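Once you've looked at the hints, dock chain B against the given chain A.
From first to last, the protein sequence lines stand for chains A and B.
When we follow the UniProt record's numbering, the leftmost residue of the first sequence carries the number 1, and every step to the right adds one.
When we follow the UniProt record's numbering, the leftmost residue of the second sequence carries the number 1, and every step to the right adds one.
In short, the hints are calculated from the structure, not lab data.
Because the structure is a prediction, the values reported are computed rather than measured.
Where is the CB? At the ideal position from N, CA and C, for every residue including glycine.
Do not take every clue at face value.
[What the hints assert, rightly or not] Distance condition first, Cα-Cα at most 25 Å in a straight line; then the derived BS3-like pairs of lysine-lysine:
(1) Lys106(A) - Lys361(B)
(2) Lys251(B) - Lys361(A)
(3) Lys251(B) - Lys263(B)
(4) Lys361(A) - Lys361(B)
(5) Lys106(B) - Lys359(A)
(6) Lys158(A) - Lys251(A)
(7) Lys290(B) - Lys359(A)
(8) Lys361(B) - Lys103(A)
(9) Lys290(A) - Lys359(B)
(10) Lys359(B) - Lys106(A)
(11) Lys361(A) - Lys106(B)
[Claimed, not checked] A few chain B residues that face chain A, going by a derived Cβ cut-off under 8 Å, partial list only:
(12) His15
(13) Leu19
(14) His33
(15) Arg39
(16) Ala49
(17) Lys103
(18) Tyr104
(19) Gly276
(20) Leu293
(21) Gln295
Single-letter residue listing:
2 protein chains.
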Amino acid sequence: MLQIAMISTGEEVLHGDILDTNAAWLSRLFFQHGFALSRRTTVGDQLEALATEIEHCSLTSDIVVINGGLGPTSDDLTAQAAAIASDVGLEQSDYWVEQMQVKYQKLGREMPKTNLKQAMLPEGAELLENPIGTACGFAMKLNRAWLFFTPGVPSEFKQMVQVEIVPRLTRAFPKVAARDCLRFYTFGLSESGISETLSPLSLPKGYEIGYRSSLPFIEIKLFAPRGDEQAHSLQQTMVSLLGDNVVGVGKTLPELVGELLVKQDLSLTIAEQSTGGWLTSWLQDFPNAKAKLRQGWMLAANTEPEMATKDLLASALAIATAARDDTASDIALVSGPVHDEKVAVALSTPQGDWAQLIKTKRRYASNDHRNMVATVMLDMLRRWLDDRAVIGRYESIQRESEIFLPADR
Amino acid sequence: MLQIAMISTGEEVLHGDILDTNAAWLSRLFFQHGFALSRRTTVGDQLEALATEIEHCSLTSDIVVINGGLGPTSDDLTAQAAAIASDVGLEQSDYWVEQMQVKYQKLGREMPKTNLKQAMLPEGAELLENPIGTACGFAMKLNRAWLFFTPGVPSEFKQMVQVEIVPRLTRAFPKVAARDCLRFYTFGLSESGISETLSPLSLPKGYEIGYRSSLPFIEIKLFAPRGDEQAHSLQQTMVSLLGDNVVGVGKTLPELVGELLVKQDLSLTIAEQSTGGWLTSWLQDFPNAKAKLRQGWMLAANTEPEMATKDLLASALAIATAARDDTASDIALVSGPVHDEKVAVALSTPQGDWAQLIKTKRRYASNDHRNMVATVMLDMLRRWLDDRAVIGRYESIQRESEIFLPADR
Chain A
1 MLQIAMISTG
11 EEVLHGDILD
21 TNAAWLSRLF
31 FQHGFALSRR
41 TTVGDQLEAL
51 ATEIEHCSLT
61 SDIVVINGGL
71 GPTSDDLTAQ
81 AAAIASDVGL
91 EQSDYWVEQM
101 QVKYQKLGRE
111 MPKTNLKQAM
121 LPEGAELLEN
131 PIGTACGFAM
141 KLNRAWLFFT
151 PGVPSEFKQM
161 VQVEIVPRLT
171 RAFPKVAARD
181 CLRFYTFGLS
191 ESGISETLSP
201 LSLPKGYEIG
211 YRSSLPFIEI
221 KLFAPRGDEQ
231 AHSLQQTMVS
241 LLGDNVVGVG
251 KTLPELVGEL
261 LVKQDLSLTI
271 AEQSTGGWLT
281 SWLQDFPNAK
291 AKLRQGWMLA
301 ANTEPEMATK
311 DLLASALAIA
321 TAARDDTASD
331 IALVSGPVHD
341 EKVAVALSTP
351 QGDWAQLIKT
361 KRRYASNDHR
371 NMVATVMLDM
381 LRRWLDDRAV
391 IGRYESIQRE
401 SEIFLPADR
Chain B
1 MLQIAMISTG
11 EEVLHGDILD
21 TNAAWLSRLF
31 FQHGFALSRR
41 TTVGDQLEAL
51 ATEIEHCSLT
61 SDIVVINGGL
71 GPTSDDLTAQ
81 AAAIASDVGL
91 EQSDYWVEQM
101 QVKYQKLGRE
111 MPKTNLKQAM
121 LPEGAELLEN
131 PIGTACGFAM
141 KLNRAWLFFT
151 PGVPSEFKQM
161 VQVEIVPRLT
171 RAFPKVAARD
181 CLRFYTFGLS
191 ESGISETLSP
201 LSLPKGYEIG
211 YRSSLPFIEI
221 KLFAPRGDEQ
231 AHSLQQTMVS
241 LLGDNVVGVG
251 KTLPELVGEL
261 LVKQDLSLTI
271 AEQSTGGWLT
281 SWLQDFPNAK
291 AKLRQGWMLA
301 ANTEPEMATK
311 DLLASALAIA
321 TAARDDTASD
331 IALVSGPVHD
341 EKVAVALSTP
351 QGDWAQLIKT
361 KRRYASNDHR
371 NMVATVMLDM
381 LRRWLDDRAV
391 IGRYESIQRE
401 SEIFLPADR
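For reference, chain A alone in the conformation it holds in the complex (with noise of 0.2 Å):
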């Protein structure tokens, strides 16, 4: 088996001031491509302790990555480590110097004398472009190891890593078999649950099923070898077999509303007690959703302590026609309060009313608390504009009580 490194340079991934997102799209992009990490090493900016690692790596690794310490400052020692850990000298690239140049004159800028750092590479190296900054990549060869030296910066390295290092690797090892990744979306599930459900599944040979627990929902994916026809149809059958609680295939939830109401040409208002604007905000970022919103209002929870479980109901249902009428929109979704853990949760349609009374099995963070009670009420959109029952059954949550009336009462 191929052994993958990849080495993260820097005090401040280090000392954990920002986290090392650059390694976890790097480990995403690899596997997918067959070219699973077997280990990830992080340094700091301290010359010898980098020559160590790249040397160490390039011994017991047949891919490295080597990520950051190719700016202009002091602290950026990649290039010199990469040539200690090699035994050769450093060489200014013309060419790169060039391509400096022409990127500071296009700012209309004469080139810092600093950045000609950035233009010394190991004797020998191959230069890897980057047409966004300054910083060119480089790769050589060491030992057991082909090693590849990218930008920090996160553009400049996912481009590097597909523009330049993949088709590398995959001309250099070409029986390495890339694999597709097909996803979807499951909300109310537990992985366990899902696991169970799909255990009668036999996949073919070169499949395989992955999750990813993203709060709340569960990303199911399957990776199948590439191009392979059975792909689709295995997913199909995935998707039936966990019928109601899919909440998108290759789309997530809002982007999966959005589509239906842009498509059904509804409108939608939302009224938000404790999820606080939290389910307006979301939709923001998913064009469709957001174009049909015609209006969102957060409202300040004043709930009287002796309110019973049908008052939750009834406020709810009466904030959702009420909101629904006054901005004429189709569609109004609304949450209640917090009130004894349970909050009411309603959808008005011109077909009928919903409300359900709900409390989540664990304990969230309210943070965590407001995303779970967003995602039900859009899912009670979804499932009302998919023609599915209004109502879902959700592993994680308890149903109180639940009301339905219809719009002809």
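Coordinates of chain B only, in the frame set by chain A:
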């Protein structure tokens, strides 16, 4: 210098499915206690790779924290890897079996047999308590290093590090100087601008300044020898040098605004177009601000293409006064629609109304843009509550125009 390493285990972390927040947290905490990490490694759930990594770190480091892989399932291999690396067997801790039985009794359930695996520790290892879960940790000396094995569940991990590990380290390495960390936040200044402003300061021995950019704020950290008397006056000097753009000392902007609203007993209403509910939703996590927030509106932004600058300002002002009157709030904050990359934001108070038309100098993702504009809104309120100039100077934001209408107009 002490060499301190962390090893994270688990396929999910390695393949980028989850971000390694435990590592970032440990790095920060250790740094504050004077134990700066020198390297971090992530390996998958492979017995041999894990054992090799443990051995490698035990030869090159003084302190190693290993995280994850202490669960009851077959892919939890850390104890076994530790035993292989140190060439000893595993033995059952009867004490821990008892502890687990008690935990299960409290839940009214029988302990599954599979949990016995969690009481199997390398011979000679010292048990580390886990009052929350069933995965106990353990400590052992190997080669040059003290090894600490910890569970992957964040709450259990954090408790074990704080209660079991840090005190052991402080005892074992009494010369390592713990440091205090005093924090404050700025908005509207660049890192290089801040560093230039603070450059006249001469720091006493043992002091250090750190920056952390967390869009749209920059957090400034002053590290000081523990309990040193000068620390607070030095921080005060830094705060004075940076002036108006300091938005919170030891607290964040929404915390500060919330405190000031409660202290001055003022209620708030928010109407958002371009920010789409961001500000309303943001304030939900801050009890003081939430308590004084009467209503939030998100209005769909239908601008006419020909809208002039003064109309944008006038419309934001009109919405602000209307929102304040309609809800009988003391204060209203408003963001208008985005028009030609510009946004009008307005603040209405008993003392008068302010509005400014702003444009970010860089282009941001829509999410980040809402964050930025919402922060300007909140900063206007902070400045007003704190008796400062309401219209601030921000390096990253261009102001196109501004207006002030006193209340007695």
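Hint by hint, here is what the structure shows:
Between Lys106(A) and Lys361(B) the alpha-carbon distance is near 18 Å, which keeps this suggested pair within the 25 Å criterion. A distance of roughly 32 Å separates the Cα atoms of Lys251(B) and Lys361(A); the hinted pair therefore is violated under the 25 Å criterion. Of the pairs offered as hints, the one joining Lys251(B) and Lys263(B) holds, with about 16 Å between alpha carbons and a cut-off of 25 Å not exceeded. About 46 Å separates the Cα atoms of Lys361(A) and Lys361(B), which puts this hinted pair outside 25 Å; it is violated.
Proximity of Lys106(B) to Lys359(A) is assessed by CA-CA distance (about 23 Å); at most 25 Å being required, the pair is judged to hold. The hinted pair formed by Lys158(A) and Lys251(A) meets the criterion: a straight-line CA distance of about 22 Å does not exceed 25 Å. Distance check on the hinted pair: Lys290(B) and Lys359(A) sit about 22 Å apart at the alpha-carbon level, within 25 Å; holds. For the hint pairing Lys361(B) with Lys103(A), the CA-to-CA distance comes to about 20 Å; that is within 25 Å, so the pair holds.
The suggested pairing of Lys290(A) with Lys359(B) holds, with an alpha-carbon distance near 22 Å, which does not exceed 25 Å. Between Lys359(B) and Lys106(A), the direct Cα distance comes to roughly 23 Å. Compliance with the 25 Å bound is thereby established for this hinted pair. Restraint check for Lys361(A) and Lys106(B): satisfied, since their Cα atoms lie roughly 18 Å apart, inside the 25 Å limit. Taken as an interface hint, His15(B) checks out: its beta carbon lies about 5 Å from the nearest beta carbon of chain A, inside 8 Å.
The interface hint given for Leu19(B) holds, since its Cβ lies 5 Å from the closest Cβ of chain A, which is under the 8 Å cut-off. Because the smallest distance between the Cβ of His33(B) and any Cβ of chain A comes to about 12 Å, over 8 Å, the interface hint for this residue is violated. Taking 8 Å as the C-beta cut-off, the interface hint given for Arg39(B) holds, the closest approach to chain A being about 5 Å. Taking 8 Å as the C-beta cut-off, the interface hint given for Ala49(B) holds, the closest approach to chain A being about 7 Å.
At a threshold of 8 Å, the smallest CB-CB gap from Lys103(B) to chain A is about 17 Å, leaving the interface hint violated. A distance limit of 8 Å between C-beta atoms decides the matter here; for Tyr104(B) the minimum to chain A is near 19 Å, and the interface restraint is violated. Interface restraint check: Gly276(B) against chain A, minimum CB-CB distance 4 Å, threshold 8 Å, status holds. With its C-beta approaching chain A no nearer than about 6 Å, Leu293(B) sits inside the 8 Å limit, and its interface hint holds.
Of the supplied interface hints, the one on Gln295(B) holds, with its beta-carbon coming within about 6 Å of a beta-carbon of chain A, less than 8 Å.
When each numbered hint is compared with the structure, violations occur for hints 2, 4, 14, 17, 18.
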